[in-house]
Structures are given as C-alpha cells and as structure tokens.
Amino acid sequence: MKQPGETRITSERPVAQAFGAMPTGRPGDVAVFPYLVYIEFLAALLFSIVLLVWSLTVDAPLLQEANPGVTENPAKAPWYFVGLQELLVYFDPWIAGVMIPTLIIVGLMAIPYLDTSTNAVGRYTIRERRLVISHFGFGFALWWILIFIGQFLRGPNWHIYWPWQDWSMVKSAEATLWDFPWWVGLPALIAYFGGPLFLAQKRWPWLLERLGMTRYVGAVTLALLFYGVPIKMLLRLLFNVKYVLVTQWFNV
Amino acid sequence: MANSRTDKLRRGALEWITASQLYRSIFRHGYDDTVRNRALEVTSNAFLHLHPITIPHHAIKVRFTYCLGGLTFFMFLVETVTGVLLMFYYRPVTEYAYADMKTLQYAVYFGMVLRNLHRWGAHLMVVLVMLHMLRVFLTGSYRPPREFNWVLGVNLLVLTLLLSFTGYLLPWDQLAFWAVTVGTNMAAATPFFGAEGPFHGLLGVDGTNDARFLLLGDVRVGGSALLRFYVLHCVALPLVAGVLMVVHFWRVRKDGGISRPL
Amino acid sequence: MHRGVCDMNNEAALQQLVELSRREFLARGLTAAGWGSFAVVLGAGTLETVRFFFPRVLYQPPSTFRIGTPEAFLARKGEADEYGVIFVDERWKPEQRFFVVRAKDRVYALTARCAHLGCTVNWFSSLDIFKCPCHGSQYHSDGKNFAGPAPRPLDRLRITVGVSGDLVVDTSIIYSVERFEADGAFVALA
Chain A
1 MKQPGETRIT SERPVAQAFG AMPTGRPGDV AVFPYLVYIE FLAALLFSIV
51 LLVWSLTVDA PLLQEANPGV TENPAKAPWY FVGLQELLVY FDPWIAGVMI
101 PTLIIVGLMA IPYLDTSTNA VGRYTIRERR LVISHFGFGF ALWWILIFIG
151 QFLRGPNWHI YWPWQDWSMV KSAEATLWDF PWWVGLPALI AYFGGPLFLA
201 QKRWPWLLER LGMTRYVGAV TLALLFYGVP IKMLLRLLFN VKYVLVTQWF
251 NV
Chain B
1001 MANSRTDKLR RGALEWITAS QLYRSIFRHG YDDTVRNRAL EVTSNAFLHL
1051 HPITIPHHAI KVRFTYCLGG LTFFMFLVET VTGVLLMFYY RPVTEYAYAD
1101 MKTLQYAVYF GMVLRNLHRW GAHLMVVLVM LHMLRVFLTG SYRPPREFNW
1151 VLGVNLLVLT LLLSFTGYLL PWDQLAFWAV TVGTNMAAAT PFFGAEGPFH
1201 GLLGVDGTND ARFLLLGDVR VGGSALLRFY VLHCVALPLV AGVLMVVHFW
1251 RVRKDGGISR PL
Chain C
2001 MHRGVCDMNN EAALQQLVEL SRREFLARGL TAAGWGSFAV VLGAGTLETV
2051 RFFFPRVLYQ PPSTFRIGTP EAFLARKGEA DEYGVIFVDE RWKPEQRFFV
2101 VRAKDRVYAL TARCAHLGCT VNWFSSLDIF KCPCHGSQYH SDGKNFAGPA
2151 PRPLDRLRIT VGVSGDLVVD TSIIYSVERF EADGAFVALA
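Residue numbers (the working numbering), protein chains in the order written: chain A, 1 to 252; chain B, 1001 to 1262; chain C, 2001 to 2190.
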C-alpha cells in the first residue's frame, strides 16, 4: 500500500516533525485527524451522556392548558429573557423590551469596530486588557444577576420574595412613585451624556487620540447608555423615582 | 505462535476490505497511518473538510476553546434530530397542541425523553453560545481580521434565543401562553411600529397593523400565533441559522484560522 | 467619469449627451432598465411578503356580554372608598377579562388587561388594589396606576343599557384615559 514518497508516522518521527515538511503546516502544527477530531468526538460524547441522564431524570415542565382568562402568578418569561423581564420593572416597555435588546445587539456587533487593536489575540489576556474586559465582564455579570433575581427572587405579583419566605404571604402595596420635573430631568440627561465625553477626554487624552472622533463618541455613548441601566435601577430602588424625564410623547 | 497467525488473518481481512471496490468508492484514502492519509481523511470527507489539515498545537488544548463553539453546533444537531422526531406527533392547532403533549408523555414510547432532550438541549445551547461568546471575547478573537465573524456570531446568538422563544409557545400550556403574551406585547411597544409604542400615530399604526400583529397574525395570542411560531421554529429560523452557521465556520478558516498568538 | 451625465444645464454635459453613440445610448438604457426592473421586483416581492402577513379578515369571538340590570348593582350597598368605589365585581374576570366597578353614582367596566404588557390583573379586596402578576404594576380601585411600571390607568370598556334593560359590556371598544368622562364610558345610576 505504501506509495513512493510517503512519510510514515512512527514513534521515531514525531508528528510535528513530519508535518513540518508539509506545505500547509507551520512548524509545531499537529494533524487535525486524529488529534482534533477525537477531542471533538469525546466532547460530543460527554455532552450526549450528560444530556441523556438529565433528560431521563428531570421532566420538562408542562402546566395546565393555556387559558387567556387566568394569568399565572407570577408569569415568568423563559429564563434567558427573565433578565429583560426584570428590566421591565424599571423601564417602559419600549425601552426595556425594544431599545435595550436592540442596543445590546448593536453594541455587541460594534465591539470589533471600536476595539480595533490587533494585540493580545489568541490567548487569555485578562491582565493586559483590564479596562475592556472589566466593562464587558460587568455587562455579562449584570445579565446573569438580573436573570438570577427574576428567576429565583420574584414571587407572586412580581414582589421580591426571599428563598425562605412563603409565597402564600401577601405583600402590601408599594410606595407611590414620583417623576423628576422636566427642568431637573432634561439637564440631568444632557449632563450625563455630554459630560463624560469631555471629562474622559481630559482624564485619558490618549483614548481620543487612539480611537479617533467617531469611534470615541460611539464607544463612550454606548458605555453611557449601558451604565444608565443600573443607574436608573438604583434611582428607582433607593428614591422611588419612576421617570427621569416625562414628555408628552414618551417617558424615560 | 497463535498471535502472529491471528494478526496475519486480521491484516488479510483488512486488506481484503480496503481493496474492495465498495470501500474504495466511499473512502478515497488508505487505511495506513501515514501523513498522506491523515490529510486525505480530512479533505476527502464532506463533514470533516471544514477543518484545516493541520492546526496549531495550542489550539487543540481543551482549556483554550473548551470546545464551546463546536458543542453549540452539536446541540443544534441534537435539537434538529429530536425536533424532527417530535414533529411526527405534534399538531400546531390550539385544539390539539396541548393534547399532543400529553400523548407524547403518556402514549408514546420515549416521547417524554425526546421532549426532555429537546427542551434541556435548548437550554444547554443557550448557555453554551453565551459562554462561547465570552471565550472569544476573553481571548481577543473578535479583533481584526475576525470582526465580521464576530458579527455573524452575534446574529447566531440572537437566532438561538429566537429559536428558543418560538419553541416556548408550542406546548400551549399556561407557561407558554403567558410568556409569549408578555414577550409579544413588548413588540407592541416598538417606537413607530407598535400600537402602544411612542410615535405610533405618525404612521397610522394600530393593533391590527403593528409589529405585534406581524408576529401573532391576530390581536391576541391564539391559533394563528401558534401556527406562525411553529413555522418560524421548525422551518424559517433553522434555515437562516443553518446558512449563517455555514458562513460562520467557513469564515473561521478564511479569516486567519483559529485564533493564535502572533 | 467621462460618461457622467448629471447637470443638464451644463453646456458641456449636454453636448456630451447629444454626442452619445447609438450603442452607448442603448447600453445605458438597458442598464437602467435592468437595475430598474431589479428594484421593482425586489420591492414588489418585499411588499407582497409583508402584506401577506396581514390578512383581510380576522375571526374573533363575540365581544358583547350582558351583565345584569343596573338595579342589581344599585341594590348592593356598601361604603365608598377614597376613590369613590363601593365594590369591584370580579365575576366576569375569568372568562371575559373585565371587572365591573360600582362607584357612588355610576357603574363602569375596567379591562383586566394590564396597561403595561397585557397580563390579567387580580383584584385584592382586602388591600383595595389591583396587582399585576407579571411585573408588579399596582392600581387603585378606580383603575388609577400608582406603583410598578404601568404607564397609564387600566382602560375602560364600553358599557351601555341594552334593549332588554340589561347592562351590556363591549370588550372590543376601549376608551383611552383622557376620554373616560368625555365619551361617557360609564352608566349613571339613578
């Protein structure tokens, strides 16, 4: 079967050395078959086993047949959207249900066009990219924290129930909420979105230099929009503020 | 020397099989462990040929990728297979949908296990795709020249969530009904295009021509919503996801291969 | 860009257009026609697809319900709370999704559909409030929102006295907050 010019792989000729001679391989490369393929196979096998055992032991939920007259109490979205549902407590639906998801998607897609450095690629570079990773990590963590709160701490009528509290306990009415008057809300919003643009430029002048105007404004605006979410939540939780800005057409 | 005799027999049988026309018509490579065969095993196989022939040594370390992308794709395959099987018993009509879930549970062999596999597999897929995104971020693998593949990946993340959400309605139980009522009412809050969103009056949008109606085919969650979600879940979204996945995998190869330190 | 024809007032451009050979004229015309029909086909296809999803006829269940005589509501006595509400009748909530509110001098129908995201709100008579199970919106007994994310009070439904003398609620006719009083979304009790 051996054809002329073929290299047999033996224990005396390590794979890397054999492939070093191949036009496609760089020195140090290994053959995909079998070294990668068997890892993929084993990973798939492992997950098949886990999934099968899980499915044999835990049944998927199925409640009563759908009934438009009776709302489940509490009525929860699927867990991966419970974070957004939690945001619905703090924001109007057009923000929590439409603008925030859209901005998350657009923001994620914009990441490689804002952070265009080609350093630190292809390995875990947490120490070298502290700034970028701490922002992304905070967002990723917030997503999961909101899911945790919505999934495990929200009980009937979407009240907070601690895990040791009984759901049959009726919670009393909540405090009445108030809005900022427009002459507070409007300047506050302008200062919030305008101020950091200048302050960040003063504090870290290299940022604007490295990113250029468009990227700088885009990145700072996206970051401010993102941090506005927990800030608004804190305003509600600590001071019972419902809207920062009330207008005739929409409320923020 | 019985050992050498069985060994000889084994080699003979192997040679007989690998030399047959049938074998050679399917596999265009030899069986011996040679460099040439290792390359051919990848390039002459429709399923494996998305891989390169060789790969940097560090990239096959499990602790680099944790196989997250590949496992997400594997979950998509599991969902496809179990989903197609479930379709044999499920009718997307309000009168039958819930009853068919009960049939699957009580009257069909392994019906419940299949449904569990489909449900838990979907959850696993959502978790895996999010972790895959985290891994790609932490290794800086979205940076040029891989920007566009990251964009494709974000689209695939959204599609995974949409697939999960459309599937959520199909059991037609209380959990499904109210989750989807809440979810689709958010569409009604879309600025300009939702009947309850800001500025909807400018375009003359009301409950019967807004974004929510597009999803539900009605002003409330009912039979047409069930049918629309079913078609999206079983046909439209998987097709789009499939196409994007092909491009996503192809671009891994074309945008510089699996990410490596420079 | 030597073929660019933009400004017809420009003498040179006009001259250039006049001097177009027949072949060039044809080629340019065909290009325009080609791209034009491409755009038309694409546009028509998109339009058709979008329009396809909005059918001409909707099959809806009946939306009017008789809820008994005004006298029956007048007969039940009680103390009015600070919002002028004597009692909230929940009998039609499970099936028809509305509440009937008996105020001091009137009866009106409140939809049970939360003004936030459309869950069915529940009445808590001991607390004298409505609560939504989905995102915790809370309303006073007259439907006014005071806590949680609800952007406006509960909507009111059309309520009239029918030919039989019964009160009739039409769940398909919804009154906006501003027009409760103006449109008379209530029945006055003698």
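No lab work stands behind these hints: they were computed from the structure.
Since this is a predicted model, take the numbers as computed values, not measurements.
Using N, Cα and C, we set each Cβ at its ideal position, and we do this for glycine too.
Hints may contain errors.
To be verified - Restraint-style ranges between C-beta atoms, simulated for each label pair:
id	chain 1	residue 1	chain 2	residue 2	range
1	A	206	B	1235	48 to 54 Å
2	C	2016	A	221	55 to 61 Å
3	C	2010	A	183	50 to 56 Å
4	C	2128	A	179	44 to 50 Å
5	A	169	C	2104	32 to 38 Å
6	C	2094	A	38	26 to 32 Å
Claimed, not checked - List time: in silico SDA-like cross-link candidates among lysine to any residue, alpha-carbon distance up to 25 Å:
id	chain 1	residue 1	chain 2	residue 2
7	B	1061	A	46
8	A	76	C	2082
9	B	1102	A	57
10	A	76	B	1162
11	A	242	A	205
12	A	171	C	2140
13	B	1061	A	189
14	B	1061	B	1035
15	B	1254	A	241
16	A	232	A	180
17	B	1102	B	1130
18	A	76	B	1035
19	A	242	C	2082
20	A	242	A	125
As the list claims (entries may be wrong) - So, partial list: chain B residues that the calculated Cβ filter (under 10 Å) puts toward chain C:
id	residue
21	1077
22	1081
23	1178
24	1217
25	1219
Verification of the supplied hints:
no.: 1; hint: 206/A x 1235/B: 48 to 54 Å; result: holds, 51 Å
no.: 2; hint: 2016/C x 221/A: 55 to 61 Å; result: violated, 47 Å
no.: 3; hint: 2010/C x 183/A: 50 to 56 Å; result: holds, 54 Å
no.: 4; hint: 2128/C x 179/A: 44 to 50 Å; result: violated, 24 Å
no.: 5; hint: 169/A x 2104/C: 32 to 38 Å; result: holds, 34 Å
no.: 6; hint: 2094/C x 38/A: 26 to 32 Å; result: violated, 59 Å
no.: 7; hint: 1061/B x 46/A; result: holds, 17 Å
no.: 8; hint: 76/A x 2082/C; result: violated, 33 Å
no.: 9; hint: 1102/B x 57/A; result: holds, 18 Å
no.: 10; hint: 76/A x 1162/B; result: holds, 17 Å
no.: 11; hint: 242/A x 205/A; result: violated, 36 Å
no.: 12; hint: 171/A x 2140/C; result: holds, 15 Å
no.: 13; hint: 1061/B x 189/A; result: violated, 48 Å
no.: 14; hint: 1061/B x 1035/B; result: holds, 21 Å
no.: 15; hint: 1254/B x 241/A; result: violated, 51 Å
no.: 16; hint: 232/A x 180/A; result: holds, 12 Å
no.: 17; hint: 1102/B x 1130/B; result: violated, 32 Å
no.: 18; hint: 76/A x 1035/B; result: violated, 56 Å
no.: 19; hint: 242/A x 2082/C; result: holds, 24 Å
no.: 20; hint: 242/A x 125/A; result: violated, 41 Å
no.: 21; hint: 1077; result: violated, 30 Å
no.: 22; hint: 1081; result: violated, 30 Å
no.: 23; hint: 1178; result: holds, 7 Å
no.: 24; hint: 1217; result: holds, 7 Å
no.: 25; hint: 1219; result: holds, 7 Å
Going through the hint list in order, the structure does not satisfy hints 2, 4, 6, 8, 11, 13, 15, 17, 18, 20, 21, 22.
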